[in-house]
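Asker: So the chains spell out like this:
2 protein chains.
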Amino acid sequence: MILEVATLQIKEGQSTNFEAAFSLAKEIIAASPGHISHELQKCVEDKNKYLLLVQWETIEAHEIGFRKSEPYLKWKALLHHFYDPFPTVEHFELIHTSV
Amino acid sequence: MILEVATLQIKEGQSTNFEAAFSLAKEIIAASPGHISHELQKCVEDKNKYLLLVQWETIEAHEIGFRKSEPYLKWKALLHHFYDPFPTVEHFELIHTSV
Chain A
1 MILEVATLQI KEGQSTNFEA AFSLAKEIIA ASPGHISHEL QKCVEDKNKY
51 LLLVQWETIE AHEIGFRKSE PYLKWKALLH HFYDPFPTVE HFELIHTSV
Chain B
1 MILEVATLQI KEGQSTNFEA AFSLAKEIIA ASPGHISHEL QKCVEDKNKY
51 LLLVQWETIE AHEIGFRKSE PYLKWKALLH HFYDPFPTVE HFELIHTSV
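In the order they appear, the protein sequences are chains A and B.
Residues in the first sequence are numbered from 1 upward in steps of one, following the working numbering.
Residues in the second sequence are numbered from 1 upward in steps of one, following the working numbering.
Hints are supplied without guarantee of correctness; some may be wrong.
No distinction is drawn between identical chains; accordingly, a pair holds when it is met within one copy or between any pair of copies.
[As the list claims (entries may be wrong)] Dumping the calculated SDA-like pairs for lysine to any residue here, alpha-carbon to alpha-carbon at most 20 Å:
no.	residue 1	residue 2
1	Lys-11	Lys-49
2	Lys-49	Thr-7
3	Lys-11	Thr-58
4	Lys-49	Ala-6
What the hints contain is simulated information worked out from the structure, not anything from laboratory work.
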């Protein structure tokens, strides 16, 4: 299992619109093969900053299965115009969990 | 509920020692009032980078209850010498989850 962490910086004044667009876009990522779960978190210290945390079965499920898919074009159209700068994305492996 | 996200950059060659120290330190944070759960994630793209994700009942449980506590001195002694630079820490509120 792989955790994708995308740091999203939203253009000033666009956070409400971004959240509305995300509520549509989330169905796209949730339907992608290898998607396990995801959450959208909003930063307390910076109201224009969000984290998208996605659990994938493998990195390939994210980088190839999702990003090279037809539905990803709709995801991009819904979300990418909100970002400035473009998001940084990294992948993580679980070392320890308390639960 | 609040998610603390600490981005940890570990000194070159120290990641095994850091993980061993964390396996001791985790008992300290787990015992802190208001701690709900935590996980340590290791970056795939940067072997010296980790994310510590902690669910707290409130920000105060983290910033006051944990950081101003006596056991935090032991946490610091176990972990802080591994970091370079010193970690960035932010707090997040859940906007949406698929589970």
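Asker: How would you classify Lys-11 and Lys-49 at a CA-CA limit of 20 Å: within, between, both, or neither?
Answerer: within (9 Å within a copy, 28 Å between copies)
Asker: Using 20 Å as the alpha-carbon threshold, which applies to Lys-49 and Ala-6: within, between, both, or neither?
Answerer: both (11 Å within a copy, 15 Å between copies)
Asker: Checking Lys-49 and Thr-7: alpha-carbon separation at most 20 Å within a copy, between copies, both or neither?
Answerer: both (7 Å within a copy, 15 Å between copies)
Asker: Between Lys-11 and Thr-58, at a C-alpha cutoff of 20 Å, which is it: within one copy, between copies, both, or neither?
Answerer: Answer is neither; intra-copy 31 Å and inter-copy 28 Å both fail.
Checked against the numbered hints above, the structure breaks only hint 3 and satisfies the rest.
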